[in-house]
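Asks: Mind docking chain B on chain A? Use the hints.
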Amino acid sequence: MTKQHATQLDTASLTEDDTEKTKTPEERQGFLPIETNAFDRCFISVVIWVAMSLFWFRFLEPMGLSIWISNAIALALAVFIVRKG
Amino acid sequence: MQSNKLGWILLAPTLVILFFFGVLPFLYVVFVSFHQWNPFAASPEMIFNGAENFRRIVFDSAFLNSLGVTVAFVIFAVLSELVIGYLLAQAFMREFPGKSIFRTIHTLPLIMAPIIVGSVWKLMTTPSIGIIPHYLDEWFGITMNIGTSAPAAFLTIVIMDIWHWTPLVTLTLIAALVSLPRDPFEQAQIDGANKAQTFWHITLPMITPALVATVFIRLMDALRTVDEVWMLTGGGPGSSTRFLGVHIFKEVFPKTNYGYGSTISVIVLYLTIVVCWLLYVSMLAPRKNRKG
Numbered sequence: 001m002t003k004q005h006a007t008q009l010d011t012a013s014l015t016e017d018d019t020e021k022t023k024t025p026e027e028r029q030g031f032l033p034i035e036t037n038a039f040d041r042c043f044i045s046v047v048i049w050v051a052m053s054l055f056w057f058r059f060l061e062p063m064g065l066s067i068w069i070s071n072a073i074a075l076a077l078a079v080f081i082v083r084k085g
Numbered sequence: 001m002q003s004n005k006l007g008w009i010l011l012a013p014t015l016v017i018l019f020f021f022g023v024l025p026f027l028y029v030v031f032v033s034f035h036q037w038n039p040f041a042a043s044p045e046m047i048f049n050g051a052e053n054f055r056r057i058v059f060d061s062a063f064l065n066s067l068g069v070t071v072a073f074v075i076f077a078v079l080s081e082l083v084i085g086y087l088l089a090q091a092f093m094r095e096f097p098g099k100s101i102f103r104t105i106h107t108l109p110l111i112m113a114p115i116i117v118g119s120v121w122k123l124m125t126t127p128s129i130g131i132i133p134h135y136l137d138e139w140f141g142i143t144m145n146i147g148t149s150a151p152a153a154f155l156t157i158v159i160m161d162i163w164h165w166t167p168l169v170t171l172t173l174i175a176a177l178v179s180l181p182r183d184p185f186e187q188a189q190i191d192g193a194n195k196a197q198t199f200w201h202i203t204l205p206m207i208t209p210a211l212v213a214t215v216f217i218r219l220m221d222a223l224r225t226v227d228e229v230w231m232l233t234g235g236g237p238g239s240s241t242r243f244l245g246v247h248i249f250k251e252v253f254p255k256t257n258y259g260y261g262s263t264i265s266v267i268v269l270y271l272t273i274v275v276c277w278l279l280y281v282s283m284l285a286p287r288k289n290r291k292g
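Read top to bottom, the protein sequences are chains A and B. If you read the first sequence in my numbering, its first letter stands for residue 1, the second for the next number, and so on. If you read the second sequence in my numbering, its first letter stands for residue 1, the second for the next number, and so on.
Chain A extracted, bound-state conformation:
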């Protein structure tokens, strides 16, 4: 086998390998309107958690509601988003 042939074969096998890796998984039918992976859903959960905590500090904590209630709601929401989003 010539060197040129070997190179071509190498390239071919790499291309097949790459194609295999980039195959998209079956689309999720979660409730979020955009295509997401696990990292995206974790990110969305963290964003909601921070926003909810700041809102809680400003408006609900002065009324006597502990921040832990917000954390519990945010955690439940995070689990729901990660699993069903």
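Hints listed in this document are in silico derivations from the structure and should not be mistaken for laboratory results. All figures in this text were calculated on a predicted structure; none of them were measured in a lab. Where hints are given, some of them may not hold.
For each label pair, taking beta carbons as the anchor points, the in silico distance ranges come out as [claimed, not checked]: (1) B:A196 / A:I48: 38 to 44 Å; (2) B:T208 / A:V79: 33 to 39 Å; (3) A:I69 / B:V274: 19 to 25 Å.
Even glycine gets a Cβ: it sits at the ideal position worked out from N, Cα and C.
Replies: Then chain B, alone, in the frame of chain A:
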């Protein structure tokens, strides 16, 4: 497998640099944001105070004022830069005498450091010696003093930012416009589409990725503007141009309040990420194909 290994080896230097100069400082700022820390005070040690800084920030009127001013600045500056940048990019797509000279001159503000831009604009806007107040007074009878008038100071900063950063938008959009295929435009012309229809239905959708990338860059930059503003107005008069970056600077350096300053930095980073993410989701993120 071999290609993966090679990829990681090639990426390693960048990842190491990114970890030490990006990830590690970020984690440290997050860590500090949960502490009360004034290293130059009588008790310089770091004291953990939980979410107390975050509890304080939502009631801090100085911070909320800075946030409002910054949001107004970002909206005015970035939108104006996009519109003017697009119009200039369209102009540069045509041939006219002196085009290359004009393009070079137009790009010059980009190579200036923000602190220099602030100094130059300070010279130009200082009453009694500045060229802008002089001619405003001579031609229109308008007295301009950015040291005493809050709207004048804010407007000057917006105009300065537009002057400084519009060339970046123009260059990015020229690159996007040059790379567009000619076929859809010719087809639209044959179908009798007017200029507005061509813009809304062909040009705009096709340059959206470049437009969003430009907005990302400008948005992130505008949210952390410090040096130009610091040089020009120092955040004044009063706190009318005290943008978030200036507010953090004042909190961390003159007051040496590192803990609370870190908290504000974390919140600004959070806002930046959320705004950019919302923009990405609304403009570019792939939608799910729902059946029925």
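Asks: None of the hints should be skipped; say for each whether it holds.
Replies: Now for the hints, and whether the structure bears them out:
Roughly 39 Å separates the CB atoms of A196 (chain B) and I48 (chain A), a value that falls within the hinted 38 to 44 Å. Range check, T208 (chain B) to V79 (chain A): Cβ separation about 34 Å, and the 33 to 39 Å hint holds. Range check, I69 (chain A) to V274 (chain B): Cβ separation about 23 Å, and the 19 to 25 Å hint holds.
The structure meets every hint from the earlier list without exception.
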